[in-house]
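Those letters in the first sequence? Residues 568 to 1028, by my numbering.
Among the hints, erroneous ones may be present.
[To be verified] 20 Å max Cα-Cα, derived EDC-like pairs, lysine to aspartate or glutamate: (1) Lys-832 - Glu-791; (2) Lys-912 - Glu-790; (3) Lys-823 - Asp-834; (4) Lys-829 - Glu-938; (5) Lys-903 - Glu-790; (6) Lys-907 - Asp-825; (7) Lys-927 - Glu-955; (8) Lys-927 - Glu-969; (9) Lys-782 - Glu-660; (10) Lys-664 - Glu-715; (11) Lys-732 - Glu-660; (12) Lys-927 - Glu-885; (13) Lys-832 - Asp-909; (14) Lys-927 - Asp-909; (15) Lys-857 - Glu-790; (16) Lys-642 - Glu-660; (17) Lys-952 - Glu-938.
Since the hints were derived computationally from the structure, they do not count as laboratory data.
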Amino acid sequence: MSKVRVRFAPSPTGGLHLGGVRTVLFNYLFAKKHGGDFIVRVEDTDQSRFVEGAEEYIFDCLTWCGIEADESVLKGGPYAPYRQSERKNLYKEYAEKLVTEGHAYYAFDTPEEIEAMREKRKAEGSGSLQYDAGVRLNMNNSLRLLPEETAALLAAGKPYVIRIKVEANSTVSFTDMIRGEITFDTNNVDDKVLLKADGMPTYHLAVVVDDYLMKITHAFRGEEWLPSAPIHILLWKHLFGIENMVEWAHLPLILKPDGNGKLSKRDGDRLGFPVYAMDWKDPKTGDITKGFKELGFLPEAFLNMLAMLGWNPGTEQEVFTMDELIEAFSIDRVHKGGAKFDFEKAKWFNHQWIQKLPVKSYGLRIKAILEEKGIKIGDDIYFEKVLELLKERCTLLSDFYEQASYFFTAPTQWDEAAVKPKWNEAKNDFFTAFIEKIKGTTEFNAQTIEIIFKELATEKN
RNA sequence: GCCGCGUUGGUCAAGGGGUUAAGACGCUUCCCUUUCACGGAAGAGUCACGGGUUCGAUUCCCGUACGUGGUACCA
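Produce the entire structure from the sequences given, and follow the hints as far as they go.
If you want it as structure tokens, here you go:
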């Protein structure tokens, strides 16, 4: 069997969604589990939806998550370029090959004509409004036109698309790694556009061509792709041979916690939790959408939480390091049904990870949070001691601010002659005693801390 | 509308023809604690419905309901 190669193929259209990160994670776990390669390919074939900075942002998110691609736009690799816009010419060749072999055709219909066709089908009471075998011979395409008519239109520069020709009254089957055998009736599959009028491929053509060319062996994607899977399978069959096709795995969706539907950015805004991995600033509106990172999540916790959404190891273990995840992961334990996202559980994972990791692994981030609020950290040893003491009561990194601020601000605020000298002269000893005294029992608010400070100062004098 | 996929507590879920149907989050109560968190203990809460198959169905089959996705020159 050839080396496992998987790919994550985002479109640079905005923030990186929870579901996207989980797709990355499952790809990555599968690849690493099998000693394979993880590739990141940028699918920027829709120029109208291109968003400045989105591609860079996606890579930043992966870096934060600690997931490194073996081949990517940034890293390069033997199958470069990894950005589809830079591979444009390639797709056209394959599309034309399909036309030559009778599996696709040129279509010159205007959007209005297609709309009219749909209206007509609707009026006729047809259950389907598709551009398919039922109507294609009435449309303005190379199947209906005489060859010389088509040639003339092409020569005249008339805009066209290339559509796949899906045979009627047939079936397409494949085995999904998660769902098993799935069969589609081709009468329900339409003649999807493969090559757009601007010469760019659609997703359908581009994935198949690139997965083949980049020697991808297993393709993970969201369940929303399941209905178009027959198109991809037909394309594999016509272009590269069904025996060379990737193995498909359609991942369950992540749904909103309340009501119904797929989790979206708006739900996060509405319900007060993040949906993106990191803060995303829309370059057009300037709006910032909060991310898990900035909210105070540890990447370990974020990934751990995502891994348990739609997958489980079959044991009672819930807290996993990346290595443990790689070890335990198996595709047949991935759920078929979608899972509602639960922010409370996500926070629980973060709490677990704050306890599990040594404070120095995330101390810098807390330092940044405190300093942003105007608290200067002078003494790193004392700082770590305080964090160690407080960590068990923190769920988000930002909670450290509320918990710790008094430890760094109080003495200067009180301006107590009895306290200040101690603070300045023997800080560490003083705080060792202090920490000993308050261990496990005290709420760290200004008042209680002040009382104990005074007690200690008095005792020592 | 049409097509696909799915359905174990409020949520994530294990399990699977005969079980007291795991565990976690959340919730309630209690303990710890001068208060809050943390921690500990206990508790409430579930196999969508209707037909089969079977000695027996939450588990298998068929329907229904519900959910969800697709139905774009978006991915």
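Do the hints match the structure? See the list:
At roughly 17 Å between alpha-carbon atoms, Lys-832 and Glu-791 fall within 20 Å of each other, so this suggested pair holds. Our distance criterion of 20 Å between C-alpha atoms is broken by Lys-912 and Glu-790, whose separation comes to about 23 Å. Among the hinted pairs, Lys-823 with Asp-834 is consistent with the structure: their alpha-carbon atoms are about 7 Å apart, no more than 20 Å. Distance hint between Lys-829 and Glu-938 is unfulfilled; the C-alpha atoms sit about 38 Å from each other, more than 20 Å.
The suggested pairing of Lys-903 with Glu-790 holds, with an alpha-carbon distance near 9 Å, which does not exceed 20 Å. With a CA separation close to 8 Å, the supplied pair Lys-907 and Asp-825 stays within the 20 Å bound. Between Lys-927 and Glu-955 the CA atoms are separated by roughly 9 Å; this keeps the pair inside 20 Å, and the hint holds. Distance check on the hinted pair: Lys-927 and Glu-969 sit about 19 Å apart at the alpha-carbon level, within 20 Å; holds.
For the hint pairing Lys-782 with Glu-660, the CA-to-CA distance comes to about 19 Å; that is within 20 Å, so the pair holds. Simply put, Lys-664 and Glu-715 have alpha-carbon atoms about 19 Å apart, close enough for the 20 Å limit, and the pair holds. Taking the CA atoms of Lys-732 and Glu-660, the gap is near 17 Å; set against the 20 Å cutoff, the hint holds. For the proposed pair Lys-927 and Glu-885, the alpha carbon gap of about 24 Å is over 20 Å, so the pair is violated.
Distance restraint check for Lys-832 and Asp-909: the Cα-Cα separation of roughly 15 Å lies within the 20 Å cut-off, and the hinted pair is therefore satisfied. For the suggested pair Lys-927 and Asp-909, the alpha carbons sit about 29 Å apart, so the restraint of at most 20 Å is broken. Distance restraint check for Lys-857 and Glu-790: the Cα-Cα separation of roughly 26 Å exceeds the 20 Å cut-off, and the hinted pair is therefore not satisfied. Simply put, Lys-642 and Glu-660 have alpha-carbon atoms about 27 Å apart, too far for the 20 Å limit, and the pair is violated.
Proposed proximity of Lys-952 and Glu-938 is supported: the alpha carbons are some 17 Å apart, at most 20 Å.
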